[in-house]
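Colleague: Chain order of the listed sequences is A and B. In terms of full-length UniProt numbering, the first sequence opens at residue 1 and continues consecutively. In terms of full-length UniProt numbering, the second sequence opens at residue 1 and continues consecutively.
FYI, nobody ran anything at the bench for these hints, they're computed from the structure. Even glycine gets a Cβ: it sits at the ideal position worked out from N, Cα and C. Careful, some of the hints might be misleading.
[Stated by the list, open to error] From the structure, some residues in chain B lie toward chain A, with a derived Cβ separation under 10 Å: (1) 11; (2) 13; (3) 16; (4) 18; (5) 68; (6) 87; (7) 91; (8) 95; (9) 96; (10) 99; (11) 221.
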Amino acid sequence: MTKQMVEVPPKGGFSFDLCRRNAMLAKKNEGAKAPSFRKTGTTIVGLIFQDGVILGADTRATEGPIVADKNCEKIHYIAPNIYCCGAGTAADTEAVTDMVSSQLQLHRYHTGRESRVVTALTLLKRHLFNYQGHVQAALVLGGVDVTGPHLHTIYPHGSTDTLPFATMGSGSLAAMSVFEDKFKEGLTRDEGIKLVTEAICAGIFNDLGSGSNVDVCVITKGDKEYLRNHLMPNLRTYVSEKGYTFPKKTEVLLMKITPLKETEEISEARDDMEE
Amino acid sequence: MGDSQYSFSLTTFSPSGKLVQIEHALTAVGSGQTSLGIKAANGVVIATEKKLPSILVDETSVQKIQCLTPNIGVVYSGMGPDFRVLVRKSRKQAEQYHRLYKEPIPVTQLVRETAAVMQEFTQSGGVRPFGVSLLVAGYDDNGPQLYQVDPSGSYFSWKASAMGKNVSNAKTFLEKRYTDDMELDDAVHTAILTLKEGFEGQISAKNIEIGIINAVDRKFRVLTPAEIDDFLAEVE
């Protein structure tokens, strides 16, 4: 018969075959530990304001005690009206959001309608439950569809919550303290962005696993704004202002400084997120 | 003797070297409603007749021109249900390509993969070829492109092409009218005139469908009945 397109992970996807062997090796060689994953040790938040949903995230990715990426993107595109923040293992959050985004695109073609947040929610939680928590992705999913604004949290084992404001990640307690104090219904856009930024900053400054800059994404009916690096409270200067000083006996004939990295001002929302 | 004795099985060649089932599939296409495509200098237009079997059919529920990706559209002549299956498969292939390479699929690649699917169904047991020919219109980094894919799985790039009932008249008309530096609006007018040539009855926005893709935003879209009315008025 012809090859049918079946929705099962292709051979070579996550196979549990080696788990037993890994456990045996770890037990056998006391010193040999399995390589650690790159966890995003994160602060991610979301809240519902009067016109829609605001999502926020920090931008530090950690590999144990090392900062692996100082400016990574944790707010992932799912659909034009739905975005998802991811905490946990970076590869897992990216792969799972990418996969669901792809499935939703096909769904949109078939139905001819805008995607709903609950659809993304169900696809994500089914996938995570199927893998029994081995896909370590803790997500904050937010978006606006025909039924209104929605905000959900999804845990690695596949359970979900529907909330007016939510935080996840290692910095979630720091951020939640800000929300519990200052959140109220019917915030305006500027108030909402300010509150989200404060919550992420609380995570950045009080949690080791979170740091660097604040990303914000505002989703309203029919429009979205991805404010990448909305706030950069941890700027780094790379070059000493004095420039290079030659040893005393050298006669400097000509000094020309060529910046290796051109810094660009990205002022509008990034459209290349989508395609 | 002759070919008819070999027409029962898809996977058996006839003595003259043809696969008779594919010939029959092309006949099925040839008795389908006319569709055509024209590649302009700054875009592509595809159009088709939308003759419904009865006035009671809700014409707003029928859409013959479909979008495969934001910048590739497709129209067909032949069997509608076969078209639906192919559209579904092509969309999935385009999406898989995008997931793997993080790039919108180039038109030639999508055409090649769709043609490969159609070819599969000419070399497997227990299946029949698709009874549709497709006209794929797209815009990518290589500019505007128009491809025709046949039930056998062969594909060709065209500057202008037609398929279905009125194919020979339509092609002659297109050969006369086509110019290399045509603009998209001219191409739409030419497409409408070509459809009008073989049209039975009064042409209107309700019984044709037009899809365009232009160089400015590279997005494929189907024209609304209001826009088709505007073009029809200009053609009169």
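Colleague: For which of the previously enumerated hints does the structure constitute a violation, in increasing order of number?
Modeller: The structure breaks hints 1, 2, 3, 4, 11; every other hint is satisfied.
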